[in-house]
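K.L.:
Chain by chain, the residues:
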Amino acid sequence: MNRDIAKSRQRRRIAAGVLTMTAFLAVFVTPFIFILFQAVKDRRAANRLEFSWPESWHFWENLVAVIEARNYIVLLAFFNSTIITVASVTLLVIFAAMVGYVLSRRRTRFNGIVMALVLAGLMIPPAVVPTIWVLQGLGLFKTIHGFVLIQVAYGLSFSILLFRAFIATIPRELDEAAIIDGAKPLQVFFKVVLPLLKPVVVTNIVVQSVTIFNDFVNALYYMPGRENVTVQLTLFNFQSQFSSQYNLLFMNILLITIPPLLVFIFFNRQIVAGMTAGAIKG
Amino acid sequence: MSGLSLHGVTKSFGAVDVIKGVDLVVEKGEFCVFVGPSGCGKSTLLRMIAGLEDITTGEIVIGGRDVTWADPSERGIAMVFQSYALYPHMTVRENIGFGLSLAKMPKDQITVKVAAAAELLQLTPLLDRKPKALSGGQRQRVAIGRTIVRDPEVFLLDEPLSNLDASLRAQMRMELTELHARIGATMVYVTHDQVEAMTMADKIVVLNAGRIEQVGRPMDLYREPATPFVAGFIGSPRMNLYANIKGVDTYGIRPEHLTLSLDAGEWGGKVRIVERLGADAFAHIDVNDLGTMVARIDGEADIQAGQQVWATPIPERVHLFQNGVRI
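In order, the protein sequence lines correspond to chains A and B.
In this text, residue positions in the first sequence follow the working numbering: the first is 974, and each later residue adds one.
In this text, residue positions in the second sequence follow the working numbering: the first is 3, and each later residue adds one.
Simulated from the structure, these hints should not be mistaken for laboratory data.
There's no promise every hint is true.
Said to hold, decoys possible - With a Cα cut of at most 27 Å, we get these calculated BS3-like pairs of lysine-lysine:
#	chain 1	residue 1	chain 2	residue 2
1	B	K109	A	K1157
2	A	K1157	A	K1171
3	A	K1171	B	K248
Remember, predicted model here, so these are calculated numbers, not experimental data.
Using the sequences plus the hints, can you model the full thing?
P.N.:
Right, here's the structure in full:
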């Protein structure tokens, strides 16, 4: 009797699992399969935009066509995007860790103001036209370093919050022990605190680099001009008012989706660790 | 020459006075224990000596040098924290040597000093482990090792044994006392545990609400507490204290200085409960008009809850206080 109940309960659990997996497969994997199929079709088949098995396979052909398009613009785009991502994420991690450290350790009456600014950075959407105006004034519009600064500014709030919450879990006595050992403030930060921030640094690197690498809108606003192209902007190469080459467009999508996907697959576990590490004590 | 002296030291957080004027001299080589209830300011006072808290007024002199405004690392102190505060990402060796490497001491000298400290504390086999691979007692010893290599004038210890279990605590208490005897350093030790204070100290400083209540040798404090507070704080179980009897403000008698009788005595009452510890037992007696009185009796004594008993104090062991002062 009891065994029957246990058995039916187990069966129900398996059924629920299978159902959930199917749902997730449908929602997340189907679009990816669609991209794969489209990317290997020839132009006529692809333009029908059907979810069907490719009649003929043109993987290599399409890949070469995408890379050669507009004088190898995809390669330039990868180069630009890599520089932007690496530079922005480096600055983000260093600045956010420092701000988070000071915010969580030094209690002054400015803390409230700074926190309000950080939250404002998270909640208030940035205004594009004034930003362009400021960039032009500084001579940074349409430059890669200007765009790096934009990405740092946009991402800083989120990173600061992550770091602040994590640093609050590191006992203050560690800082004090280091001070008594004779460490100067910068040495306390770099020799004692920063090495302990590894989980949250990894989280920051992954989340921010994927966000920045995938950023389409800001690149569109702030980086006009052929030489400033980023990977997301290359999607425009194969789409225009009168002609579309969906096979190449999807091959392009495939190409630029792979790097973030790899990052996610490899760092999946660390992302969650870093996100939740600061969750208990705020 | 004094190891450490405090002159008129005060500390205020805004309008709240946490330390209300402390004068204290700790002789060189002395083991001095700050003891007091939670929130009496003993840890704050220690942190002020360490330089982790600014002082509001007064001055601190360590080894004959005024260090009131010196950086913590320049005061000639080293500190053991309650949570040990070992650097989790460094090995035991690096933990102990961290201060020396910050001071830009040559590598070979650091190695020698770390090895000597490890030898003294029996940490040599553990030098390459990280703190998380150590037991509580071993972490404690690493924290002490980190202070020893600095050759400080004064060791500061902030409730170092409170995270250990009871048997380990007793063992570390002995080890610390032995260590103190061997290196002969000046130590200031903060605890709320009066057993630690009594057993380890050369000098006990009883603090209450930011003030020193009494300074003295452990047995002096036990025999002649200067105030009712000290009387109630030193000794376990605590002294029986009664207000406004026998013509004094406060009348005190320790449980171990009462004799019980079944027939006659000074105070009669009913035994509420008997706590038997083995060698000793504590009888809690409800005395009419006075309230609870605790008496220490022999562990085998034939006294049961509900019995009528009579308690009599040993006259020369009675403590009388008038206006908060011993008379």
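K.L.:
Against this structure, judge whether each hint is valid.
P.N.:
Hint-by-hint comparison with the structure:
no. : hint              : result
1   : K109/B x K1157/A  : holds (20 Å)
2   : K1157/A x K1171/A : holds (21 Å)
3   : K1171/A x K248/B  : violated (68 Å)
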